[in-house]
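Participant: If you want the building blocks of each chain, they are given just below.
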Amino acid sequence: MAKTIAIVEDDPDQRANYTDAITKKGYEVVAFGSRAEALDGFERKLPDLAILDIILGDEIDAGFQICRDLLSRSPSLPVIFLTERIDEIDKISGLRLGAWDYLPKPISLEYLAERISSLLRINEAREKETAEQSDSARHIGDLTLDQEALLVSWKGTRIDLSGTEFRMLAKLVRAPGHAVSYETLMNATMQSLVTNNTINTHMRNIRKKFEKADADFACIKSEYGFGYRWSTG
Amino acid sequence: MRIWNRFGGPRLGTKLALLGLLLLVVPWFSYRQLVAMEDLLIQGQSNTQLLMAEGISTLFNGRDQLFSDLPISTADYEALYAYPVDTDARLDGLLEDWGEGFDDRLLRFGAARDGGATDGTMDVVIGEKDEYLWGFVRVFDETPVFRDTNTLSLDRADHLRLSFIRADGEDGRITLTLPGPGVQSAFRVDENWRRATTGRPEAQIRGFSRVTNDGYELEFRLPLEMLGSKRYFAMIWADVDDPAERAIERMTQTLPTAGKESFELVVFRSQELLDIIEGLGYAGARVIVIDSEERVRAETGSVQGTVNSEPEGSFGLAFRQFFSRIRPTLHRLVTGQEWPIAEPTRRIDDVIASALRGEPNWLQRTVEEQQEVIIAAHPIVSRDRILGAVMVEQNTAQILSFQRTALEELILLSVLSLLIVFVALIAFAGRLAWRIRSLRQEASAAIDQHGRLKTSGLKSEMTAGDEIGDLARSVSNMLSKLHSHNRFLENMPRTLRHEINNPLNTLSTSLQNLAEEIPGIQTSKYLDSAKRGVLRIGQIVQNLADAANLEEALEAEELETLDIQELLENYVANCSLNHKTTSFVYRGVDRPAYARVADYRIEQLLDKIVDNAVDFHRSNSPIKVQLDVTRDALRISVANRGPLLPADAQTTLFDSMVSHRDSHSQLHFGLGLYVVRLIAEYHGGSAQASNLADGSGVVFVVQLPLAAPPARRASGSDDYAQVAAG
Chain H
1 MAKTIAIVED DPDQRANYTD AITKKGYEVV AFGSRAEALD GFERKLPDLA
51 ILDIILGDEI DAGFQICRDL LSRSPSLPVI FLTERIDEID KISGLRLGAW
101 DYLPKPISLE YLAERISSLL RINEAREKET AEQSDSARHI GDLTLDQEAL
151 LVSWKGTRID LSGTEFRMLA KLVRAPGHAV SYETLMNATM QSLVTNNTIN
201 THMRNIRKKF EKADADFACI KSEYGFGYRW STG
Chain V
1001 MRIWNRFGGP RLGTKLALLG LLLLVVPWFS YRQLVAMEDL LIQGQSNTQL
1051 LMAEGISTLF NGRDQLFSDL PISTADYEAL YAYPVDTDAR LDGLLEDWGE
1101 GFDDRLLRFG AARDGGATDG TMDVVIGEKD EYLWGFVRVF DETPVFRDTN
1151 TLSLDRADHL RLSFIRADGE DGRITLTLPG PGVQSAFRVD ENWRRATTGR
1201 PEAQIRGFSR VTNDGYELEF RLPLEMLGSK RYFAMIWADV DDPAERAIER
1251 MTQTLPTAGK ESFELVVFRS QELLDIIEGL GYAGARVIVI DSEERVRAET
1301 GSVQGTVNSE PEGSFGLAFR QFFSRIRPTL HRLVTGQEWP IAEPTRRIDD
1351 VIASALRGEP NWLQRTVEEQ QEVIIAAHPI VSRDRILGAV MVEQNTAQIL
1401 SFQRTALEEL ILLSVLSLLI VFVALIAFAG RLAWRIRSLR QEASAAIDQH
1451 GRLKTSGLKS EMTAGDEIGD LARSVSNMLS KLHSHNRFLE NMPRTLRHEI
1501 NNPLNTLSTS LQNLAEEIPG IQTSKYLDSA KRGVLRIGQI VQNLADAANL
1551 EEALEAEELE TLDIQELLEN YVANCSLNHK TTSFVYRGVD RPAYARVADY
1601 RIEQLLDKIV DNAVDFHRSN SPIKVQLDVT RDALRISVAN RGPLLPADAQ
1651 TTLFDSMVSH RDSHSQLHFG LGLYVVRLIA EYHGGSAQAS NLADGSGVVF
1701 VVQLPLAAPP ARRASGSDDY AQVAAG
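Note that the protein sequences, when read in sequence, are chains H and V.
Under the working numbering, the residues of the first sequence are numbered 1 to 233, in order.
Under the working numbering, the residues of the second sequence are numbered 1001 to 1726, in order.
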């Protein structure tokens, strides 16, 4: 049975474009233009994944409200914010609410479809085997990386990374000890508009999440003017 | 120009101080008022004195008998007037000790035809003192002959005969003999003036003589009680020239001219009049009664006021001396007239004469410095005749003292009020100037050197109710309007991005769907160019928004202490990877150079400068990056050979939206160097651009403050030892 993807987007053109693109990938799509419509729809049936715009009409944080509502009904439901609000503060509040990813516009539809499928897969994987260690897990020193379930742990402690952060970390640890250029890391974000600064911000967030688990964490090193390096030493 | 503006006009305080000088009209008016008051008081006092004189004169009006101890008319006699002698005169043959003016009162008898002195001429004056009649006789005698004391006859030498009517009505005859210079003896003599009637000289009558070049000078006195009430009195000089023969050559006498009585009349003050006016008991005034012949008949009291009551060296005295010194200047300054009023317009003679004509009159007269008297005269009348006049003389000490007190108060008050007002004005001006200055400082601080608004309103003077408050509020209002406009402008890129991102997303997703839907279109160059266009718009909007958000984003950065030397070395090494066609040269320092920075931001800053240098460098010339450390700062300089900066660019280069690029090389809004400045300033440093000294290129210098080495030694360039922010 096809998975149901809910799209909440107030702009009809964009809504139609998303709907078309995602439907083509073989998902069932329900699209809503406002918060009220969306909540009505979710009352009837919960989707398997939700893509939310934050600003809906005059309500500047309707997306956040919908997210809160959805997660209160189904805590494990993957939610992606897809928005033109790309300020740091919005990103942080979105992820803090429990959203799985935060994607800025303009978006590549290809990448969106990719994200949807991977999040659904991850969700499935997590539901299937929460306790046992996945086969796809990789071990690099103290770091454990589960590419399938998008799970990261450091010295056995679970680190919660967003989708983008996970992908960047995965790129970084592909060849430990070698510098990875900004360009490579930009590709990992799979977004069309990324600057060095965006990478720096992501890297800082990743580093902070690790430092929260381990104050002595110092594996992510800056290669000023070039990129980053995963140092195992 | 600035200096000129600064000194072009007086400051507020000076202006107010000058205005304060206008307060000087207060003492000016006060002084005028004082002078007017003084006039009034003098007028008042003279009126009072006139009234007093009139009052006294009414006591005498019609009482002819008081003046009738004299013959009804003195025209029948040559009067010998006995002048009052107030001094401590001694019997010494000298007239000087009688007081001033007696030289002028000498009457001459037996003069030569031309009025000059000849043998036997005598000058006579008589005075009255202490119940004695005093006489002074100056005799011109070329051959003085003294008495031979062996002869009994008293008329065998030069001698003076005194003839009078005694109190008992009998004739009195006294001869003053001249046994030699010095003390003389007086004898009562017989009717022939030859022999003494008593063997002993009259003890009550004393005389003294001096011999001068011209003759004798004799001084004598006799008790008034010897004279009868009629006071007929005469002097006869008997001149003996031949010491052998000793006959009287000539006699000069004060006897009246032919046809008159044979005695001179001595006019004395009237005791009765004196008793009356003394009985009135006036103090502080001198009352003089004169008769119609202008002779003083009675006098009492004195004009001596109670001046100089203050102790020497006291403030009052010092003040009075000071005031009397400045008074002429002050008076001229205020009234335009001389002080003291040079000469009285009337003379005392006029006053007496007019009183004797029947008109009361008065005058004001300066006796000595700071001592003025007012003399009022009123006639005494009897039926159709004027008997004399009463003169009341009083000094103006009271007025002067009043005036002095008033002046002291006036000047003290003026000075005090001037001082107070002056201080108040200065304080007010100072406060005003201070308020305006602080307002100006706050207003000019509201906009920084780059023209950015730093505050949306003013804080000082906002609650003041006056014009400065109005000004502050209006400036503040302007600032807040400007601020909201600025906010609008600042938010513009973000708003723009928000607004553009949605249609851009539509466009982008539509293009992607289009490519899916129409299979052959993937290869179309139009689809490609449309996609490139969308990407480019996205980048533009993104860059704009990034720059606009930079300041906010910087605030969220956490600073850590890093070794800039290592960071730079690392960075320059990596530069060669990014810019493969350009060579980089790094010259650093041999020890760590720590600064508190956010490493991404320093990297971002270096990116912008290096990008700029790469864009402008002459190909095949290296880009030199250098680190210098001074005592408290480090300098990162990035130099490249190539075109120079325009002269006017060096100050504006780091401003927002300023680009000095000629070509349309992609995406330059002049934000890069603006970002450099923002980041440098956020770290407490500065950014400058200048041409190289040799004119071969441009150098960008970023200066950052040095920091103490971190407590935990860094093990590598990228050991992120977090230092608590702030």
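No wet-lab data here; the hints were simulated from the structure.
Here the structure is a predicted model, which means the values were calculated and not measured.
Check the hints yourself; a few may be wrong.
[Stated by the list, open to error] Going by beta-carbon spacing under 8 Å, a handful of chain V positions derived as facing chain H:
1. Tyr1083
2. Asp1086
3. Ser1480
4. His1483
5. Thr1509
6. Glu1516
7. Val1534
8. Gln1604
9. Asp1607
10. Asp1611
[Said to hold, decoys possible] Distance condition first, Cα-Cα at most 25 Å in a straight line; then the derived SDA-like pairs of lysine to any residue:
11. Lys1525(V) - Leu1511(V)
12. Lys1580(V) - Ala175(H)
13. Lys212(H) - Arg1596(V)
We put the CB at the ideal spot given by N, CA and C, even for glycine.
Participant: Please flag the earlier hints that this structure goes against, numbers listed from lowest up.
Facilitator: 1, 2, 3, 4 and 10
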